[in-house]
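Chemist: Respectively, the protein sequence lines represent chains F and L.
For the first sequence, counting from 1, position 71 maps to 71 in the UniProt record's numbering; every step adds exactly one.
For the second sequence, counting from 1, position 75 maps to 75 in the UniProt record's numbering; every step adds exactly one.
Rather than coming from a laboratory, the hints here were simulated on the basis of the structure.
Given the structure is predicted, the values throughout are model-derived calculations rather than measurements.
Heads up, some of the hints might be wrong.
Stated by the list, open to error - Pulled from the structure, derived: some chain L residues nowhere near chain F, Cβ distances all over 10 Å:
id	residue
1	Leu-44
2	Glu-45
3	Ala-46
4	Asp-50
5	Asp-62
6	Leu-69
7	Leu-71
8	Ser-72
9	Ser-75
10	Asp-89
11	Thr-98
12	Lys-149
What the hints assert, rightly or not - Partial list, computed: chain L residues near chain F (C-beta under 8 Å):
id	residue
13	Asp-129
14	Ser-177
15	His-191
Stated by the list, open to error - Every beta carbon over 12 Å from chain F, so not counted as near; a handful from chain L, in silico:
id	residue
16	Glu-73
17	Asp-74
18	Gly-93
19	Ala-134
20	Leu-136
21	Gln-151
22	Val-201
Glycine residues also receive a C-beta, built at the ideal position from the N, C-alpha and C atoms.
Spelled out from the first residue to the last, the chains are:
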Amino acid sequence: MKTKQKIDTVARDLSDEVHEANFIGAKMKSERRYAALGRDYADPDKLRETAGKIKQHTLEHLDQYLEQAEASFTRNGAKVHFAFDETAARQKVLDIMNEKGCKSMVKSKSMLTEEIHLLDFLEKSGKEVVETDLGEFILQIDGDHPSHIVTPIVHKNRRGIAKSFEREGLGEYNDDPETITRRARAHLRQKYLDADVGLTGANFVSAESGRIAIVTNEGNARFCMAANKVHIAMVGIEKIVPTDRDLALFLNLIGRSGTGQQLTVYNQFIGGPKRPEQPHGPEEMHIIFVDNRRTEVLASDCREILRCIRCGACLNVCPIYRQSGGHAYRSVYPGPVGAVLSPLLAGNRFPQLADLPKASSLCGACNEVCPVNIPIPDLLLRLRDKAKREGASEAMKGTPKLGMWATLCSQPSMWKTALTMGHTMNYIPTQLVPHPSAQSWQGTRKLPKFQGGDFRKWFKNRKKK
Amino acid sequence: MSSDREKIFSAIRSALAPLPERAAKPDWDNKLPVSRPAGDFDTLEAQLADKLAFASSRYYNDSQKLAELLLSEDSAFGYCDPELAPLFDKLEGITFETEYDESKIDEYRFGITKATAAVAESGTLMFTDRDTSARLGALAPWIHVAVVKKQDIVATVGEAISKFGDDPSIIFATGPSKTADVEGILIEGVHGPGIQVAFVV
Ligand code: SF4
Numbered sequence: 001m002k003t004k005q006k007i008d009t010v011a012r013d014l015s016d017e018v019h020e021a022n023f024i025g026a027k028m029k030s031e032r033r034y035a036a037l038g039r040d041y042a043d044p045d046k047l048r049e050t051a052g053k054i055k056q057h058t059l060e061h062l063d064q065y066l067e068q069a070e071a072s073f074t075r076n077g078a079k080v081h082f083a084f085d086e087t088a089a090r091q092k093v094l095d096i097m098n099e100k101g102c103k104s105m106v107k108s109k110s111m112l113t114e115e116i117h118l119l120d121f122l123e124k125s126g127k128e129v130v131e132t133d134l135g136e137f138i139l140q141i142d143g144d145h146p147s148h149i150v151t152p153i154v155h156k157n158r159r160g161i162a163k164s165f166e167r168e169g170l171g172e173y174n175d176d177p178e179t180i181t182r183r184a185r186a187h188l189r190q191k192y193l194d195a196d197v198g199l200t201g202a203n204f205v206s207a208e209s210g211r212i213a214i215v216t217n218e219g220n221a222r223f224c225m226a227a228n229k230v231h232i233a234m235v236g237i238e239k240i241v242p243t244d245r246d247l248a249l250f251l252n253l254i255g256r257s258g259t260g261q262q263l264t265v266y267n268q269f270i271g272g273p274k275r276p277e278q279p280h281g282p283e284e285m286h287i288i289f290v291d292n293r294r295t296e297v298l299a300s301d302c303r304e305i306l307r308c309i310r311c312g313a314c315l316n317v318c319p320i321y322r323q324s325g326g327h328a329y330r331s332v333y334p335g336p337v338g339a340v341l342s343p344l345l346a347g348n349r350f351p352q353l354a355d356l357p358k359a360s361s362l363c364g365a366c367n368e369v370c371p372v373n374i375p376i377p378d379l380l381l382r383l384r385d386k387a388k389r390e391g392a393s394e395a396m397k398g399t400p401k402l403g404m405w406a407t408l409c410s411q412p413s414m415w416k417t418a419l420t421m422g423h424t425m426n427y428i429p430t431q432l433v434p435h436p437s438a439q440s441w442q443g444t445r446k447l448p449k450f451q452g453g454d455f456r457k458w459f460k461n462r463k464k465k
Numbered sequence: 001m002s003s004d005r006e007k008i009f010s011a012i013r014s015a016l017a018p019l020p021e022r023a024a025k026p027d028w029d030n031k032l033p034v035s036r037p038a039g040d041f042d043t044l045e046a047q048l049a050d051k052l053a054f055a056s057s058r059y060y061n062d063s064q065k066l067a068e069l070l071l072s073e074d075s076a077f078g079y080c081d082p083e084l085a086p087l088f089d090k091l092e093g094i095t096f097e098t099e100y101d102e103s104k105i106d107e108y109r110f111g112i113t114k115a116t117a118a119v120a121e122s123g124t125l126m127f128t129d130r131d132t133s134a135r136l137g138a139l140a141p142w143i144h145v146a147v148v149k150k151q152d153i154v155a156t157v158g159e160a161i162s163k164f165g166d167d168p169s170i171i172f173a174t175g176p177s178k179t180a181d182v183e184g185i186l187i188e189g190v191h192g193p194g195i196q197v198a199f200v201v
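Just need the whole structure built from these sequences, with the hints factored in.
Modeler: Have a look at this one:
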């Protein structure tokens, strides 16, 4: 199949194994999501709409809420930091570690740290960093990247993982998922005990109380705040919600939307260092609010995407994601959310990712499942428009020139004349049409015979039943 | 040069300035996110027991039965919050320490600590720092037994949240630690407990 679009190329070249892993993984989570929301709520859409409005409201008053959050965390005894871009964000983490004489870090899953390439940076600065989420740990030992924002190794199978464990000296080859998990448990346990710093992300930040909420299934974020003395939370400024009360709505939605769980196993609410009487846990909490172009997105006409709570539901339901997998999006955020967010967060590299908004059939499924009701298809259209206006070459690749077509469609007489030639279509092999999309279409399907006839005439004379 | 803080705030303000109006905060009822119960239950405790099972946590109210579980899971030795020790110190074959010794992290097969509340609608156990005698005791052992008082069972997630107070660290646990990272296959007991018990008194 001939194709010029990068995402199509990746989808075409995926091995059957990886394709199947992506497809089944995504489909399974979608089905669980439908089951959970339908079982538990008479009108799940009401929840989605309300959650979307709360986040939109927060974003449109972000200066106030961020200020309030800063004051609340400070009141709770946490240290608040701000980082405008990725360089500042990475440096902040290193500075905190150096100031406290810390050498090693255990971290839980955070897409933001992927965004700013924190791991590489800290390792190059001589720090030991260990990913503790099982999936992220496997990615780390493989030097690989997540292909899904919730289940980062959906593209891998047990045989590959077993080989990696064997290579890393984590026991002889064994591809039983339970054995793999137990070995990781034993290996990481010592890391938790030895580490000086625990770093986490945050799924939500309550401005009123100065608490972050973190959701995990494995309990690794808990462990990142048990044996060590310093906790660093790295948070995008868009994660804020006004109050603790709002968390009841969001937590009920995020588990069901992402994995079909009523609640994710662990929901943690951290608002400062441990109590003095508590023997375990960090004596210091640092929270770093990171912008890294989020304010640019806020200034754009796609600001709704900042409502995203990273549940992954839009990836799971997306026919393009299911076929292509996450790596095809060449960026930290894949799937429908990534097709909007990644080009926006790319700054002046926008043209290089400007093809992503085209990786959608605009079927609308992403909007329908989104727990914060983001109109993703509308945003994709806005970005397609932006790409066109800016003449982003990546966006034009593989797109047929529509000039002739447009002229044809706007001139009734030309249109009619053209139609009389329709029958010739039955005799010209479509492979010969010098057009990539026509050719790839023809690669897998057959065009029905041109029947001719006049639709308007038929419509006027048809008998109403 | 302005600080990162100032840069961020001024970028937010200039991003929002052109908006003709700002989205209002929606009104919503506390009942909105409350899930439908899975059946008719006479008491919150009965609903909790049902939901605990649904979340693959275990429900116990009899210490003898709990001892049987511990023994069957090869977990005769563990850690227990000193205040809870009187509830469990007469169980045959079960021994524990009430002072958490970090060097025994892998020897403690069970940990018994207090739960501040339990949520009937979701089978969730809530732990605050104030009521947790040792974070590692609640997290590291294979079996975690959370002791919850009947009067501390609340109906909804929202009610549990309203009890946060000023505690710096609160955990909701809905089921045992688990993952489905490897081929979507569910495995319990990744980093935290493989068996989560609610012991209602
Ligand atoms: S855009 Fe919506 S559906 Fe997609 S990850 Fe974000 S919150 Fe979930």
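Chemist: Does each hint hold? Answer for all of them.
Modeler: Results for each hint:
no.	hint	verdict
1	Leu-44	16 Å, holds
2	Glu-45	18 Å, holds
3	Ala-46	18 Å, holds
4	Asp-50	12 Å, holds
5	Asp-62	26 Å, holds
6	Leu-69	20 Å, holds
7	Leu-71	21 Å, holds
8	Ser-72	19 Å, holds
9	Ser-75	16 Å, holds
10	Asp-89	21 Å, holds
11	Thr-98	12 Å, holds
12	Lys-149	21 Å, holds
13	Asp-129	5 Å, holds
14	Ser-177	4 Å, holds
15	His-191	5 Å, holds
16	Glu-73	15 Å, holds
17	Asp-74	14 Å, holds
18	Gly-93	25 Å, holds
19	Ala-134	6 Å, violated
20	Leu-136	5 Å, violated
21	Gln-151	21 Å, holds
22	Val-201	23 Å, holds
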